[in-house]
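Based on the provided sequences and hints, a complete structural model is requested.
Protein sequences, first through last, are from chains A and B.
Read in order, the letters of the first sequence correspond to residues 0 to 345 in numbering that gives the first Met the number 0.
Read in order, the letters of the second sequence correspond to residues 0 to 345 in numbering that gives the first Met the number 0.
Keep in mind that a hint or two might mislead.
A pair counts as met if it fits within one copy or between any two copies, since identical chains are not told apart.
With a straight-line Cα cutoff of 20 angstroms, these simulated SDA-like cross-link-like pairs (lysine to any residue) come out [what the hints assert, rightly or not]:
id, residue 1, residue 2
1, 17, 345
2, 180, 344
3, 180, 14
4, 180, 342
5, 180, 343
Don't read these hints as lab results, they were simulated from the structure.
Protein chains: 2
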Amino acid sequence: MQPNLNIVPFVSVDNMMKLVLSIGVEAFLTGLAAYVEDDFRRWESFDKTPRVASHSAEGVIELMPTSDGVAYGFKYVNGHPRNTRDGRQTVTAFGVLADVSNGYPLLLTEMTILTALRTAATSAVAGRHLAAKGARCMAIIGNGAQAEFQALAFKALMGIDRLRLYDIDRTASEKCVRNLKGLGFDIHVAASAEDAVEGADIVTTVTADKQYATILTDNMVGAGVHINAVGGDCPGKTELHADILRRAQIFVEYPPQTRIEGEIQQLPADYPVRELWRVIAGLDAGRADPAEITLFDSVGFATEDFSALRFVRDRLHGTQFYEDLDLLADPDEPRDLFGMLLRAAA
Amino acid sequence: MQPNLNIVPFVSVDNMMKLVLSIGVEAFLTGLAAYVEDDFRRWESFDKTPRVASHSAEGVIELMPTSDGVAYGFKYVNGHPRNTRDGRQTVTAFGVLADVSNGYPLLLTEMTILTALRTAATSAVAGRHLAAKGARCMAIIGNGAQAEFQALAFKALMGIDRLRLYDIDRTASEKCVRNLKGLGFDIHVAASAEDAVEGADIVTTVTADKQYATILTDNMVGAGVHINAVGGDCPGKTELHADILRRAQIFVEYPPQTRIEGEIQQLPADYPVRELWRVIAGLDAGRADPAEITLFDSVGFATEDFSALRFVRDRLHGTQFYEDLDLLADPDEPRDLFGMLLRAAA
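Listed below in structure tokens is the structure:
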């Protein structure tokens, strides 16, 4: 008999913050990005399926499973744009990594913070492969919960150190300025989206409205820009005018999911797109010339969460940033579940 | 701002046992069965989808989500028949109930024990609607972790008080006899499956082999018997000879799932079956006459887990059988996730 088969390590929100801070936010993003990139490179070894979504008038609850045949991971994540009215997060998440050979969970962790980190790390991985060389200035349109993570990921991976922030609510931009103070950015708070994109090498759109919005129109996007479209991530929720899509080279995570959830839901179902993993693996070209407009139409995919779960599990060893959770029934004799219950009475 | 938005109640294995014992196993099964039956009756109000399964050579990991538009529930469950060799459970599970209006989890709970209880409660609900009147004797073929729960559920709901137990491993039957001692059963340990079914009004098959097995052959099943087939629950795993299926009136939970996973995977895809919920709701007939053979081809469905999650949540109020889990990030200002991280450093 093995000891403690009932126990699953659990990373609470508090412990996730401690883990991230003990490593350092930028170092964490860099390490996580390496896992994301590794898993994209071995894309074909994953069981892939579009997320399993339960939609309601208020939002969506999704399960995002994947497996590489050795480990299995899934994330529970909600998206409820009106949540902030009640002091709740638009997006919260938790996830589990499990051992395929016996089905036992290996890790249960908060993933609200971890999703923010993996989304930013994935954006920066894409940016490194797709943006023009020498990019230093990024516009961020939508300055909510994801904004600072995007800024730091692009700084850590690409050296972005100039930010142009815009949000319809100026207090959101001011929050970003406060939070990013002393972290090495030259920041301009823009008066409009047009102002924000002025001179930016990379434009990140990360707004939260669940509706067809037009954060960027065609005339706002100049030659050579890389667009990192993060906010459009479910049916009916887009951020870019369709004309931009037609001018850009489009890169996506998993086409069957992105065609439903991404910006390209506005385009015909057979519109040509390239898969990010193929660029990373060297099978497809990324940016062809400096004047091209590239677009990473990001919706978030299960392999990225899998990478994040693997990364956390590997970094957790030797730390105290987890608790033991009594999650699995572990009778002395496996067939004697009822006997365990009886003996608990005694 | 509301207090403790970060906290999700968590029911550990230890607390689940305490909760079950504080209510009493039979009372718990009866209460749970009422929830299962209620949810079957309002079947059409549920979002239904076949489970999302990840198969490997060793077993399967599944996610089983459903929602009634108010609450959302899912279960993580594995099935690894060879696990018992390493002292692990064949099936372990945990689950989450969440609020559809904001996507926040309301409950995280162990579901290994709870699944054993809900499976047995569902079998007994079906038995009450389908077995011949006056049934008192049940054969149980396969005396593993589920056997005692089946026995007690049929006792609590139908008054079954005579058991005929058979397992290829006699020590499994002996374990059942020990565990059920003093609980009001007259028990015969059978020398063979043929011996076990002799005189039984109800035959429950609940073996664990992941292969096409033939636990029951056609000549073993007499007129009037109700078969409760629990063990055949994934592709390639069946327990009954196809000839029995052709003689029986077949009742299932959710046909699209049962045709893949249940005993009826052996039959043509359009073979007529009836849905248990329609019998419970009075829309379809159950047993037509005492000589008929009825078969509940049970594979387990997400609504049953949903019922179990609801039941536990309702019974948890006013008890101390849960812990507070710091699962959800809850920044003072919802858009300020990064600021929360920064302040944790201070």
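Results for each hint:
Proximity of residue 17 to residue 345 under the C-alpha cut-off of 20 angstroms is restricted to the inter-copy arrangement: shortest distance 11 angstroms between copies versus 40 angstroms within a copy. In this assembly of identical chains, the alpha carbons of residue 180 and residue 344 lie at most 20 angstroms apart only when taken from different copies (15 angstroms versus 57 angstroms within one copy). Neither within a single protomer nor between protomers do residue 180 and residue 14 lie at most 20 angstroms apart by alpha-carbon distance, with minima of 24 angstroms and 46 angstroms respectively. With identical chains, the CA atoms of residue 180 and residue 342 are at most 20 angstroms apart between copies only, with a shortest distance of 13 angstroms across copies and 58 angstroms within one.
Only between protomers do residue 180 and residue 343 lie at most 20 angstroms apart by alpha-carbon distance; the minimum there is 16 angstroms, versus 55 angstroms within a single protomer.
Hint 3 alone, counting from the list given before, is not met by this structure.
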